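Trainee: If you want the building blocks of each chain, they are given just below.
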Amino acid sequence: MEWYYPFIVLAKVVIVLIGVSLAAYINVYFFRKELGRMQSRMGPNRVGPEGLLQSLADAVKMLIKEDTIPADSDRLLFKIGPALLIIPIFVAFAVVPFSNDWSFGQTVLHPVISNTNVGLLIVLALTSMGVYGVVMGGWASNNKYGMMGSLRASAQMISYEVTLGLSVIGVVMLAHSLNLGDIVEGQASGTFATWYIVRQFPAFIIFFAGIMAESARPPFDLPEAESELVAGYHVEYSGARFFIYQTAEWSAMLLWVCVAVILFFGGWLPPFGALSFIPGWLWFIAKCYALIFTIIWVGATWPRIRYDELMTLNWKVFLPIGIANFFIVAAWKTIAASLGVGV
Amino acid sequence: MAKVPVAPMIDGLKVTFDNLFRPPTTIQFPEERRPEQARERGMPVLRSFPDTGECRCVACGLCEVVCPGHCLEVHAQPEGGDRRVRILEAYILDASHCLFCGYCAAACPVEAVVMSDIQDMAGFSRRNMIFDLQQLMELGRRFEPTYQATKGAVEFRLPDPDTESGRLLENKPLDLSEGPVERPTPVAVPVRSKSV
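From first to last, the protein sequence lines stand for chains A and B.
Under our numbering, think of the first position of the first sequence as 3, with each following residue one higher.
Under our numbering, think of the first position of the second sequence as 946, with each following residue one higher.
Calculated directly from the structure, the hints in this document are not laboratory data.
Only a predicted model underlies this, so the values are computations on that prediction, with no experimental measurement involved.
Glycine included, every Cβ here is placed at the ideal spot set by N, Cα and C.
Don't take each hint at face value.
Said to hold, decoys possible - As a list, the in silico DSS-like pairs of lysine-lysine whose alpha-carbon atoms are at most 30 Å apart:
hint, chain 1, residue 1, chain 2, residue 2
1, A, K318, B, K948
2, A, K35, A, K67
3, A, K35, A, K63
4, A, K63, A, K81
5, B, K959, A, K35
6, A, K81, A, K67
7, A, K318, B, K959
8, A, K335, A, K318
9, A, K14, A, K146
Stated by the list, open to error - Negatives, chain A to chain B, calculated, CB over 12 Å:
hint, residue
10, G45
11, N47
12, S101
13, F106
14, P273
15, T296
16, A302
17, V331
What the hints assert, rightly or not - Only part of the chain B face toward chain A is listed, based on derived beta-carbon distances under 7 Å:
hint, residue
18, I972
19, A1052
20, T1095
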């Protein structure tokens, strides 16, 4: 280990923190613009050229607004709620590889902060902690909408975590690894035919619905349904704390999209070998934004589902498909191993 | 397993995706405007004779009488003690209650009050909403070419029963072949008696 190793890690942490925060705000702009155009509106177009600085203006506005705490709230829980939501999500970015290795002469730089062997497990563990921030925020607000929002959020997130975890088991079995970088390398063959979305399409549908439910995007936005719950669990939040909740939501969506690209879309791999002159990180970003586009597109189209439909979809549709997928992959691997064929 | 309506969901996705490439219907109001219709009415203004510059108003006060918002004031002075000759002294329009209804223009016997196309009337003070004779005449002079161009179209008129179009609108003759119009028979409704 070289002497400058800690500085490189520190630099990576800073770059990822800034990059993720910036991407979260770009996503907000992207979201508002795309949603506007899909509804025959213009979207933000006043602040800066084509409204590009709208997110910045919103952020500044939220940060300088008064931070009110309701009189009858649980002040301690109210304050730590946003932090409990945002910290696990930012920590989880530590195991996400954003590109293939960069080599500068003899030195090889891994574009991942922590290249751990249990990366996927860490992502799942940390994101499941986010629900505590949501529940605490809603409960501590001492507000009926906040509490109902947090109840819905806890039930929804915990339910969908089950199928989300189940859907990635097939990928993990195929890749033989929980390391996110190894999972990407397991899909490498030169074309997109070996990406796990081709071999694990039902699992991808479950995973995609799961990430939309986890980040509370429509049609799974029951925790913050405007027409029913005003804003859900963060209805009493204002100023900087509300800003943290918003940042956490958009960063969570970004994290899940990154993980989805790594698990199912071959991460930084080009779809055709002929396109490999484009650097890997560009492929990664392009795939991430294609998925974000799809999430917003779906959210702009489908109406919010009812609560019983949400649970029915999870427990009666996705769970059986996930379990069947798990057994099919297991049987396939066993048969292939007994025949001596590589999978 | 529950039923998931896949085909309609995909149809919906097509609709939103097509919308993405359609130009937005928004009109960016202060910079862009819809073309004005000839029948649009703005605030009332006063016309004047182009040669002498005198106001056409004869101070009859009909506009003040018909104005539903009581936003017009016509002050007249009898000339030389003769009550039959009225000289216009002041004409005040408080546009902050004006409905742009056009009754004043319809009532005016000499086409002095006309409805202009002025609709941008925001101001920082209520005082800015009160127009006097000179201001209304100046606005009227600016509006005069437009008034001459759109004169017939902006006329405020009730359906005329003597013309074909008016009959279609208002006095459509009853088609007797349809038979008498059935009306529901009145039903006795119990009324709660007032207890004193």
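Trainee: Checking each numbered hint in turn, tell me which of them this model violates, lowest number first.
Mentor: Numbers 9, 10, 11, 15, 16, 18, 19 and 20 - these are the hints that the structure violates, sorted from lowest upward.
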